[in-house]
Structures are given as C-alpha cells and as structure tokens.
Amino acid sequence: MNKIFALILTLLVACTDKKQSNNVNDTETNQKTNINNEIPKIKYGNKFFQYDAIDYYHLEKENKSVKSLFENKKKSKIDRLKFEVIVNETPDNLQDQDFLIYMDEIGYSKKKIDSAKFEALNKIFIEKPYEDGTARACIPVYRDILIFKNNDEITGMMKICFNCHQYRILGTKANTDNFGSDGDYLQLWNILSKD
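Quick note on numbering: this note's numbering labels position 5 of the sequence shown as 7, and the sequence is numbered without any gaps.
Treat the hints with care, as some may be off.
To be verified - Derived pair list, reagent style DSS-like, types lysine-lysine, alpha-carbon separation capped at 30 Å: (1) Lys114 to Lys69; (2) Lys151 to Lys112; (3) Lys125 to Lys151; (4) Lys112 to Lys79; (5) Lys196 to Lys113; (6) Lys151 to Lys196; (7) Lys112 to Lys76; (8) Lys49 to Lys130; (9) Lys113 to Lys75; (10) Lys125 to Lys196; (11) Lys151 to Lys119; (12) Lys196 to Lys69; (13) Lys175 to Lys130; (14) Lys114 to Lys79; (15) Lys79 to Lys69; (16) Lys130 to Lys196; (17) Lys130 to Lys114; (18) Lys49 to Lys113; (19) Lys125 to Lys112; (20) Lys175 to Lys112; (21) Lys114 to Lys151.
Stated by the list, open to error - Label-pair distances were calculated between CB atoms; the ranges are: (22) Asp184 to Ile103: 27 to 37 Å; (23) Gly47 to Lys77: 41 to 51 Å; (24) Ala122 to Lys76: 38 to 48 Å; (25) Lys77 to Asp179: 31 to 41 Å; (26) Lys125 to Lys75: 30 to 40 Å.
The hints are simulated quantities; they were obtained by calculation from the structure and are not laboratory data. The C-beta atom is built at its ideal place from N, Cα and C for all residues, glycine as well.
Kindly produce the complete structure, drawing on both the sequences and the hints.
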C-alpha cells in the first residue's frame, strides 16, 4: 500500500511540475510577445530637401585664421563677406545667393557630391524622432556648406560646423530639430571626406 501511495504521489507531483513548467513557458512567451509589441518602431518623416545635385564647399582654415576674421571684417567687402559666411548668418534666406559668386575668393573649394552617395545622405537629412541632444558652448565656424539643387535650381542650403555640432538649414519645411542625432555628424563627415 505504501508503494502505491508513493507511486500516486510521484505521478501527481510530476503532473503538477509539468503544468507549472508549461505555465512558465506560456508566461515567458506572452511576455516576449508583449515586449516585442511594446518596442516602438522608429518613425522617420520627411526628407529635408528634394534634390538631384549637391555642391559641396569646404574651407581649410585654421583657428588662427578664423580669429583674424573678427579683426579684419571691416577692412574690405570680401573680408566682411568672409566673416558673414564663415561665422555669421549669411545667407539670410534661400533667395540670398549672391555670396556663392565669391566662395572661391573667400577661400572655399567646391566639388560636386557623387549621386551614388545620395541614398546615404537621405538617411541623414530626414526628420527623426526626438532624442536628447547635447549642446556645445562654442562659436560655430561654418567650414562646410552644402547647396542642394533640383533641376539646376537651389532648393536648400546647409552650413555645418563639425567641431561645435551646429548647423544652419535653409529651404526646408521639414522639422530639422533632431538633425545631429544617431551620429549624423560623424556619418556626414565620413561621406563628405571620402572622394
């Protein structure tokens, strides 16, 4: 009789453990499913610019030369324009394109961005979800300027300071507040610096 009782007890315990094991597995599966459903999918919005060509202007200036911009900005029209383009707010708007005539005189070199890079650039120049950013306390020196064109018309401009992680964008209705997140500056620098 003791043997039968021990056998029944063993069977009951084994069945109970199996049910608990199944319940644990079901719970884990449900939790994983819920977690997967709760992970927000990143939603990207509108592209910043419509373009079929990009002119890239780059300035090789050392900080010593940039400092002299402040001191020399009243000497000549070109010195004033250098200061306005490199350090200040020029251009004021998308229609303000006169400065482009003097880019070579100011010291910028120009090259066309290869259209093979447009797909990678589109992943950078797009509305992104909010992300906490960092602010740097420095005066931006805009050594890099992108001019976006569509059918030979300028559709957008972007001035970039890679040192300060600051930018100025003209010609878009897209929300550009989160430009710079997701390592945008590093990705952009890598794209622009490769020939």
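Quick rundown of the hints versus the structure:
1. Lys114 to Lys69: holds, 29 Å
2. Lys151 to Lys112: holds, 14 Å
3. Lys125 to Lys151: holds, 18 Å
4. Lys112 to Lys79: holds, 21 Å
5. Lys196 to Lys113: Holds, at about 12 Å.
6. Lys151 to Lys196: holds, 21 Å
7. Lys112 to Lys76: holds, 26 Å
8. Lys49 to Lys130: Measuring from Cα to Cα gives roughly 10 Å; hence the hint holds.
9. Lys113 to Lys75: Given that 30 Å is the threshold and the Cα spacing comes to 27 Å, the pair holds.
10. Lys125 to Lys196: holds, 17 Å
11. Lys151 to Lys119: holds, 15 Å
12. Lys196 to Lys69: holds, 28 Å
13. Lys175 to Lys130: Given pair Lys175, Lys130 holds - Cα atoms ~14 Å apart, limit 30 Å.
14. Lys114 to Lys79: Given that 30 Å is the threshold and the Cα spacing comes to 27 Å, the pair holds.
15. Lys79 to Lys69: holds, 18 Å
16. Lys130 to Lys196: holds, 25 Å
17. Lys130 to Lys114: holds, 26 Å
18. Lys49 to Lys113: Holds - the C-alpha atoms of Lys113 and Lys49 are around 23 Å apart, at most 30 Å.
19. Lys125 to Lys112: holds, 23 Å
20. Lys175 to Lys112: holds, 26 Å
21. Lys114 to Lys151: holds, 11 Å
22. Asp184 to Ile103: 27 to 37 Å: holds, 35 Å
23. Gly47 to Lys77: 41 to 51 Å: Given about 45 Å between the Cβ atoms, the range holds.
24. Ala122 to Lys76: 38 to 48 Å: Between Ala122 and Lys76, where Cβ atoms are some 42 Å apart, the hint holds.
25. Lys77 to Asp179: 31 to 41 Å: For Lys77 and Asp179 the Cβ distance comes to about 37 Å; the hint holds.
26. Lys125 to Lys75: 30 to 40 Å: holds, 38 Å
The structure is consistent with each of the numbered hints, conforming to all of them.
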